[in-house]
Amino acid sequence: MADEVTKEDLLAIEEEKNVAIWRLKKLVDRLNNTRGNGTSMISLVCPGTEQIPSMTRMLTEEYSTASNIKSRVNRLSVLTAITQTQTRLKLYNRVPKNGLCVYSGTVMTEEGKEKKMSMSFEPFRPINTFLYLCDNKFHTEALEELLNSDEKFGFIIMDGSGTLFAEICGNNRQILQKITVQLPKKHNKGGQSSARFGRI
Numbered sequence: 001m002a003d004e005v006t007k008e009d010l011l012a013i014e015e016e017k018n019v020a021i022w023r024l025k026k027l028v029d030r031l032n033n034t035r036g037n038g039t040s041m042i043s044l045v046c047p048g049t050e051q052i053p054s055m056t057r058m059l060t061e062e063y064s065t066a067s068n069i070k071s072r073v074n075r076l077s078v079l080t081a082i083t084q085t086q087t088r089l090k091l092y093n094r095v096p097k098n099g100l101c102v103y104s105g106t107v108m109t110e111e112g113k114e115k116k117m118s119m120s121f122e123p124f125r126p127i128n129t130f131l132y133l134c135d136n137k138f139h140t141e142a143l144e145e146l147l148n149s150d151e152k153f154g155f156i157i158m159d160g161s162g163t164l165f166a167e168i169c170g171n172n173r174q175i176l177q178k179i180t181v182q183l184p185k186k187h188n189k190g191g192q193s194s195a196r197f198g199r200i
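Under the UniProt record's numbering, think of the first position of the sequence shown as 1, with each following residue one higher.
Hints are computed from structural coordinates only; laboratory data are not their basis.
Certain hints may be false.
As the list claims (entries may be wrong) - Have a look at the derived ranges for each label pair, beta carbon to beta carbon:
#1 114 - 154: 16 to 22 angstroms
#2 177 - 74: 50 to 56 angstroms
#3 13 - 69: 46 to 52 angstroms
#4 119 - 94: 29 to 35 angstroms
#5 177 - 49: 16 to 22 angstroms
Stated by the list, open to error - Think about it this way: if two alpha-carbon atoms lie no more than 20 angstroms apart in a straight line, the pair counts; the simulated EDC-like pairs of lysine to aspartate or glutamate are:
#6 25 - 111
#7 97 - 8
#8 26 - 16
#9 137 - 111
C-beta: ideal position from N, C-alpha, C; glycine also.
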């Protein structure tokens, strides 16, 4: 049967996941060990629900704000980082399903020289955090959170209007099914008039 999932398929999926986790760990280590001179490093992390035009608009506003920085060197490095980030966003028509991470800026090499760095990627699992920071380091907290939590928890919420089935994995939540019902409400008539209310 073509639709059956074999043990080899499951092992291949698990292997791909482990490779993705290993790659992300290496990348997070690399980003955490990278430093810049001044606030010339941009970290932009957005969930899959975000829109490219709104992020581009935000970066345009940031560009005009950064144009007022008094220090010429700092102003130029921040403007360069914003331009690099805008260029990275132009590579995407829409935000990928799992979200988008963009890291851009001028970093210091081990020899003490400045080097431009820019990268963008889709994380291996959905990300729910929106983060935009311009700093002297890259912020990888959202990526580290993806690495920390892998357990899924299911829950069921019931009330008078329906039931909700969902699962949580780390900071991500996914609604599996939602059932709504129309139940008669409780009435506030009772006491001596309950017999009369029953005849109606």
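Hints, verified against the model:
1. 114 - 154: 16 to 22 angstroms: With Cβ atoms ~50 angstroms apart, the hint is violated.
2. 177 - 74: 50 to 56 angstroms: At 52 angstroms between Cβs, range holds.
3. 13 - 69: 46 to 52 angstroms: Holds, at about 48 angstroms.
4. 119 - 94: 29 to 35 angstroms: violated (19 angstroms)
5. 177 - 49: 16 to 22 angstroms: Holds, since residue 177 and residue 49 (Cβ atoms, about 20 angstroms apart) stay within the stated range.
6. 25 - 111: Roughly 25 angstroms separates the two Cα atoms, so the pair is violated.
7. 97 - 8: Not satisfied, since the Cα-Cα distance of roughly 26 angstroms exceeds 20 angstroms.
8. 26 - 16: Satisfied, since the Cα-Cα distance of roughly 15 angstroms is no more than 20 angstroms.
9. 137 - 111: holds (17 angstroms)
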